[in-house]
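The residues making up each chain are set out below.
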Amino acid sequence: MSVDPALRDQILAAIPSLRAFAISLSGNVDRADDLVQETILRAFANIHSFQPGTNMPAWLFTILRNLFRSEYRKRRREVEDADGGFAETLKSHPDQIGRVEFQEFREALSQLPAEQREALILVGASGFSYEEAADICECAVGTIKSRVNRARSRLAKLLQVDSVDEFGPDHATRAVLMGNEG
Amino acid sequence: MQPDAPNQKNASGLNREIQSKIGQQLRAIYDDVVQEGVPDRFAELLKQLDKPQVDKTSEGKSE
Chain A
738 MSVDPALRDQ ILAAIPSLRA FAISLSGNVD RADDLVQETI LRAFANIHSF
788 QPGTNMPAWL FTILRNLFRS EYRKRRREVE DADGGFAETL KSHPDQIGRV
838 EFQEFREALS QLPAEQREAL ILVGASGFSY EEAADICECA VGTIKSRVNR
888 ARSRLAKLLQ VDSVDEFGPD HATRAVLMGN EG
Chain B
1295 MQPDAPNQKN ASGLNREIQS KIGQQLRAIY DDVVQEGVPD RFAELLKQLD
1345 KPQVDKTSEG KSE
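For the protein sequence lines, the chains are A and B, in the order given.
If you want the numbering used here, it's the position in the first sequence, counting the first as 1, plus 737.
If you want the numbering used here, it's the position in the second sequence, counting the first as 1, plus 1294.
Treat the hints loosely; a few may be bogus.
[To be verified] Subject to a maximum C-alpha distance of 20 Å in a straight line, what follows is the list of computed DMTMM-like cross-link-like pairs (lysine to aspartate or glutamate):
no., chain 1, residue 1, chain 2, residue 2
1, B, K1341, A, E775
2, A, K882, A, E868
3, A, K882, A, D872
4, A, K894, A, E868
5, A, K882, A, E852
6, A, K894, A, E841
7, B, K1341, A, D770
8, B, K1345, A, E841
9, B, K1315, A, E838
10, A, K882, A, E841
11, B, K1345, A, E852
12, A, K894, A, E875
13, B, K1345, A, D872
14, B, K1341, A, E841
15, B, K1345, B, E1330
16, B, K1341, A, D741
17, A, K894, B, E1311
[What the hints assert, rightly or not] Listed next, the stretches of chain A that the computed footprint assigns to chain B, with coverage defined by at least 3 CB atoms under 8 Å from CB atoms of chain B:
no., segment
18, 740 to 748
19, 755 to 762
20, 783 to 795
Derived from the structure by calculation, the hints contain no laboratory data.
The beta carbon of each residue, even a glycine, is placed where N, CA and C say it ideally should be.
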């Protein structure tokens, strides 16, 4: 099997972003990297089905997502990562965003239904258009839009609840607040 | 055709500041991973995949 070097480079270039997406899906860095590895192997094995000139990252994201979904069906994400997977990866953040604030944000993110989180990340962080995200998730554009909107308003609600609580609420209190929300 | 009502939600208290913060934080945690670049593991994998099969059967080959 030989892969056009130009395509190989496109695959290589997509790896950092694929990892970030995989972490957000699987909630675990090791599993995410396994997913990425499997995705690369599939991509090379099926490179003939990639249409040159089309969107390589979107193609790879689709493969990765499908792999995750089929694995997910087999064994549920038994250990839900409390931070939606990103906690392990945190090394540095922009100074203008405090650590506590980040912690709150990750907790809020982990409260979202998986489909909403995924849509929000594809559009809000990976930089895909609504149309591309719809292709990746194999659903209608309108569905993606509504998932993103619901994700944003849910996050806003969760974060507003937190910012109202200026007394440093403990996690139990916060969990109750979140649990009672819609 | 689409039930698009982008600003409808603003009325119910989703202020713009929070929305822009959400976007900012989302990108920050995502970019933290992206900035790690390509781990060796994957660079190696691509190298392996690039190699023609010959390499696997070349043990007997002299240097």
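Each hint tested on the structure:
1. B:K1341 x A:E775: 15 Å, holds
2. A:K882 x A:E868: 9 Å, holds
3. A:K882 x A:D872: 13 Å, holds
4. A:K894 x A:E868: This hinted pair is violated, its Cα atoms lying about 27 Å apart.
5. A:K882 x A:E852: With Cα atoms ~12 Å apart, A:K882 and A:E852 stay inside 20 Å; holds.
6. A:K894 x A:E841: 12 Å, holds
7. B:K1341 x A:D770: 17 Å, holds
8. B:K1345 x A:E841: Given pair B:K1345, A:E841 is violated - Cα atoms ~46 Å apart, limit 20 Å.
9. B:K1315 x A:E838: 10 Å, holds
10. A:K882 x A:E841: 24 Å, violated
11. B:K1345 x A:E852: Violated, at roughly 38 Å.
12. A:K894 x A:E875: With Cα atoms ~28 Å apart, A:K894 and A:E875 exceed 20 Å; violated.
13. B:K1345 x A:D872: 32 Å, violated
14. B:K1341 x A:E841: Answer violated: B:K1341 to A:E841 is near 40 Å, above 20 Å.
15. B:K1345 x B:E1330: 25 Å, violated
16. B:K1341 x A:D741: 13 Å, holds
17. A:K894 x B:E1311: With a Cα-Cα distance of about 13 Å, the restraint between A:K894 and B:E1311 holds, given a limit of 20 Å.
18. 740 to 748: holds (count 3)
19. 755 to 762: holds (count 4)
20. 783 to 795: It is violated, with 0 qualifying residues against the three required.
Checked against the numbered hints above, the structure violates hints 4, 8, 10, 11, 12, 13, 14, 15 and 20; every other hint is satisfied.
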